[in-house]
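Novice: Chain by chain, the residues run as shown.
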Amino acid sequence: MSTVGSRIKTLREQQNLTQDRLAELTGISKGFISDSENDKRNMSSQNLLKIADALNASLEYLLRGTILAKSQTGQEPVVIPQELSVAAEELKLSYAETLELLNAHRSVIAKRSVKGVRSLTSADWKALHQAIKNIYG
Amino acid sequence: MNPLNSPKVFEIAHSLGLARSLSPSEAVLHYCEQRIGGFLDLFPDCATPQDLLEITKGMPKAKFERIDSDEDLDSLVRTYCDRRELAFANLANELCPTTYGISIRLQRAAPYQPQFICVIDCRGEKRLRSYFTKWHELGHLLILTDEQQHTFHRSHTAYGEKEPEEVLVDLLAGHFGFFPAFLTPELTQPLSFATINRIRARLFKEASLIASATACVKSHQHPYLLVEAKVALSERQKTALHQGTFDFFHGPDPKLRAVTVVSNDAARRSKFNIPKTFRVPERSAIFRVHSGESGWLSATEELDWWESSDSRRLPRTPIRVEARGGFNATLALLSPNYGDGQD
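Protein chains in written order, with this note's numbering: chain A, 1337 to 1473; chain B, 52 to 394.
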């Protein structure tokens, strides 16, 4: 059965990191990392957080090994907002490009603002498209 | 209507499968307390809300990216756009002056990696709110169901200036950012700004003084008020100004007033209160600090010094006042003076 230690070891090896290098990245001793990988030590929250950061892994994955299954493409109906349709038509975007724009917007799941969040207008969709174009050409 | 009783908050409680016996916001708070309690069981060495923030961040698979300068923002955009995370292309536009933080679900993260990036804007004065902003963004993630982790995106249910979900998430941020399980045991002494700063340094060093003082006042078992005093108009003057009933030569004359008043349960029980917009008495330590006589003053005063624009006075009660100067406001702690030797 997979353990916290074995998950740390697997990720470290996947990323071609030696125990020495992980020790350097985290400021934790190599001996402690070695013991942890072999489940000989209990780890404090601080040390586990440091290792999670160094391995770019989520804490939940290291602790529980849980991986959410990605939703299967095509299962959810795609609804293109009217304002996006208008913008896409004017910009002559393909269906794939329109979906890409929609996904970019939907990736933003929340924001803390002192003003309310309003629906995107056609001009906002065009601005988003322009911002992406500015980066990717 | 209280935004916390809005259909949107009922919808959130329902999506989390919560019972209807509590109010929806209480049910959501209870649900989040159970989740956080689960994290604390996994990390019994967690002793401060600041540690709890780091642990909580890791459990809904989130990562904070802090921005202190425009260069940081450019670098962050480049990093994630190089990974084809298109939402970051528009980050500079999203982080307008009124936006403090933003949570983005990564499209291309490996399953073991953080799935959400919470960008915390700490440029300029926004830095003062970074602690609360982090908890606010985590609040959104705490109430995402597994299904929503794939499909959720922000909604646009206009509700005046602030949407119900934002109000709910602020409630969660205020609760967990100053988690009573950690804070209450610290509040055994009378409150002062020095005490609050000591508690802040120990428990939530990233939080602002005003947020820390608010939390300490709310959680203290003795009656306290936290007053923020600024030069402002009375409610009546504001109305008259909006209606244009002042003439050219007799415009409104702003005075130093209590613009924000935070009270606690003990103060409410003992009816110890100063209504908002009451004028600060000129002989009060608060007035003297605000006028620059000193950066800090403590004094024993009388509550009936306080009066409204229409000359209503508060009851005669001896009070202790500690005032501390700020950028454009003065903060003050007030408590009834029981002659218990606090002097």
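Rather than coming from a laboratory, the hints here were simulated on the basis of the structure.
All figures in this text were calculated on a predicted structure; none of them were measured in a lab.
It cannot be assumed that every hint is accurate.
[As the list claims (entries may be wrong)] Taking lysine-lysine pairs in the DSS-like style, the calculated list, with each CA pair at most 25 Å apart, reads:
id, chain 1, residue 1, chain 2, residue 2
1, B, 177, A, 1345
2, A, 1345, A, 1366
3, A, 1386, B, 114
Novice: Please go over all the hints and tell whether each is borne out by the structure.
Specialist: Verification of the supplied hints:
A hinted pair counts as satisfied when its Cα atoms are at most 25 Å apart, and residue 177 (chain B) with residue 1345 (chain A) does not qualify at roughly 39 Å. Between residue 1345 (chain A) and residue 1366 (chain A) the alpha-carbon distance is near 13 Å, which keeps this suggested pair within the 25 Å criterion. The suggested pairing of residue 1386 (chain A) with residue 114 (chain B) holds, with an alpha-carbon distance near 13 Å, which does not exceed 25 Å.
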